[in-house]
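**Q** Listed below, chain by chain, are the residues.
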Amino acid sequence: MKMMRMINLVRGSVMKIHGLSRASRCLAAEGGVRGLSSSSGPRVCIVGGGPAGFYTAQQLLKARQDAAVDVYERLPVPFGLVRFGVAPDHPEVKNVINTFTQTAQHERCSFHGNVNVGKDVTIDELRQAYHAVVLSYGAEGNRSMGISGEDLPGVFSAKDFVGWYNGLPSNKELRPDLSCETAVILGQGNVALDVARILLAPVEMLKETDITQNALEALAGSKVRRVLIVGRRGPLQIACTIKELREMVNLPNTRADMLPADFEGIAEALKDLPRPRKRLTELMMKAAKEGGDDKAEKCWGFRFFRSPVEVIAGADGKRATGIRLALNKLEGSGESARAEVTGQLEDVDCGLIISSIGYKSIPIDPAVPFDPRRAIVPNEMGRVQDTAGLYCSGWVKRGPTGVIATTMNDSFDTARVLIQDMEAGKLDLSVNKPGAQAITALLQTRGVRTVLFSHWEKINAEEEKRGKFLGKPREKLLDVDEMLKIAWS
Amino acid sequence: MSVCALRVFLQRAAVMRKAAHQTFSQARAFPQCVTGSYTHSRGINTLTNSLRAEEKVTVHFLNRDGKRISVKALTGESLLDVVVNHDLDIDGFGACEGTLACSTCHLIFEEAVYKKLGPISDEEMDMLDLAYGLTDTSRLGCQQCSFTTTRTHNHDKHPQYKDATISMSKSKERKRETEKRIH
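These protein sequences, in sequence, are chains A and B.
Numbering-wise (UniProt numbering), the first sequence opens with residue 1 and increments by one.
Numbering-wise (UniProt numbering), the second sequence opens with residue 1 and increments by one.
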């Protein structure tokens, strides 16, 4: 397995080298100075510098040789959830950063970090400066459980917990208390499994990743030995995928601890399942049956048919000491099965509760339509409802599910729709639009200075330098002011 | 052209010689094709015998719109290497750069070729299971680096391969055409 890892890293660098030569070919071919491309070409603004933003930009640049694309990002650093969401022990998933870097360095593309769209500049101002604006700002909020005690110390959203160990500046003060024995995670998707794995992984393994140093130190001192991953429905409805489950099963010094009752009737249902679901269920059942080494210090397990109803506070009422779960029964089967209450309740003692039931988009600007029920920008194939020249891609368009490849395909779709509209004359390209020059000037009058991609490269170099000192690929900067200082140094 | 599922035909250019066999078995000994990758990372093809017809395999990629891209690949190159090294216009192919962290290099093979591919690991199958449009003859391109024999005929079962079947029976002509395009 380690050999394969090494070999996979080699392959990674091969692609990088190929990627770089491709990028330099682009630069050579374009000629001219960046930012001063032909004013007769379409100018597109993309709001959000994560995977959706970059994949949309990539496709636009490729489809129209006269298009200029500007990517705006609130933070000084690009890449969104690839940097702040993907688990530290999944570095291969972050290889997509190489293709985003190529896009950002493209002659007809420019990155503008440190710009808070909606606050520093409005959507209407962007629409005036560009022929089209694409919203790719993702989902920065989270779904709440809606139960009492949710705001007690000891209860966190998975979004914040993941942000904490991945160095998201707004989560740097999270300081989760890891002195309890049992942690309960609500939700059974891949994010829930990432959290469980990071809580139980050996520190020797984590210390070679880009996990933040403060999270590493907290985890090194953690007393958490048991993690329960709770879902409303049954084993056949679990949302995680097999790779993440396999990583839990293979975690050193841990054993699986599940309830046989949760698996009643599952063996019989196996034969009718499509292969991916069948393999996932078989692996789960194998883990449930075999458990693992009894001498293992740590354990983890799924708990099915349970919904949270209340966070239980300790005697002093000041922090979470347990969670009350309602037991469900399943109506229907397969993906559309529903959980129905039975009236039975169960209390679980725990000192750390992490709710991993979904991210959630929030409205960015009153001028943009927003569907509060689905928490997305209402759209038809990426065209924002009732708003010509405004498009969306990624989670803000479809909802916060799917892997990077899902977002990639979705972004390509939006880009194609935008190109179609250009070619069909739905966007008036005969009007010259000033693009980034106008926006940068406007921001300057408001005291906002942008972080260009070359500035990010300084931040990047500094993070890699600090990481090298610690034996890690990088040590992320946690403070926006420090990022800006280094960016503009 | 976008990644959804690509169908692949593999075609050996000529009769295999003993030397080619040896290369083939070396490639199999290193299932991740480290050797092939190193060669290409230097940008120079140091395999001196690479220009011999026997070493080259013609690969046809057929996308869902029926558009076909044909290239010549070296024995030992993975199908992801082929796409990258020939700079093929396939959007989003190989997002994770061959590290089994995505399924964007998903390929659908002709049955006869599929049967000759190397054994599938749990890790490959785990990612393959997430691919859009998964079939019984699907594999991930980044893990396939040994090319097998020609003469794969699949006329009746897969009508969309008719063109390919025709081209395969005229393999010599196609090989010459391909050589003209690349060299």
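To be clear, the hints were calculated from the coordinates, so they are not data collected in a lab.
Cβ coordinates follow ideal geometry from the N, Cα and C atoms, glycine included.
Treat the hints with caution; some may be incorrect.
[Unchecked claim] Here are the in silico distance ranges between beta carbons for each label pair: (1) B:Glu111 x A:Ala267: 27 to 33 Å; (2) A:Met381 x B:Lys67: 40 to 46 Å; (3) B:Ser121 x A:Ala63: 34 to 40 Å; (4) A:Ala261 x B:Asp89: 29 to 35 Å; (5) B:Ala112 x A:Glu331: 31 to 37 Å; (6) B:Lys67 x A:Arg449: 45 to 51 Å; (7) B:Pro119 x A:Lys286: 19 to 25 Å; (8) B:Gly133 x A:Ala267: 45 to 51 Å; (9) A:Gly425 x B:Ala112: 32 to 38 Å; (10) A:Arg416 x B:Gly133: 15 to 21 Å; (11) B:Glu111 x A:Lys286: 39 to 45 Å; (12) B:Glu111 x A:Asp66: 17 to 23 Å; (13) A:Gly141 x B:Lys115: 47 to 53 Å.
**Q** Work down the list of hints and note, for each, if the structure agrees.
**A** Hint check:
1. B:Glu111 x A:Ala267: 27 to 33 Å: holds (31 Å)
2. A:Met381 x B:Lys67: 40 to 46 Å: violated (23 Å)
3. B:Ser121 x A:Ala63: 34 to 40 Å: Roughly 37 Å apart at Cβ, these two residues keep to the hinted range, so it holds.
4. A:Ala261 x B:Asp89: 29 to 35 Å: violated (54 Å)
5. B:Ala112 x A:Glu331: 31 to 37 Å: violated (47 Å)
6. B:Lys67 x A:Arg449: 45 to 51 Å: holds (46 Å)
7. B:Pro119 x A:Lys286: 19 to 25 Å: holds (20 Å)
8. B:Gly133 x A:Ala267: 45 to 51 Å: violated (29 Å)
9. A:Gly425 x B:Ala112: 32 to 38 Å: This hint is violated: roughly 49 Å between Cβ atoms.
10. A:Arg416 x B:Gly133: 15 to 21 Å: Between Arg416 (chain A) and Gly133 (chain B), where Cβ atoms are some 19 Å apart, the hint holds.
11. B:Glu111 x A:Lys286: 39 to 45 Å: Violated, at about 31 Å.
12. B:Glu111 x A:Asp66: 17 to 23 Å: violated (45 Å)
13. A:Gly141 x B:Lys115: 47 to 53 Å: With a Cβ separation near 50 Å, Gly141 (chain A) and Lys115 (chain B) satisfy 47 to 53 Å, so the hint holds.
In this structure, the hints that do not hold are numbers 2, 4, 5, 8, 9, 11, 12, in rising order.
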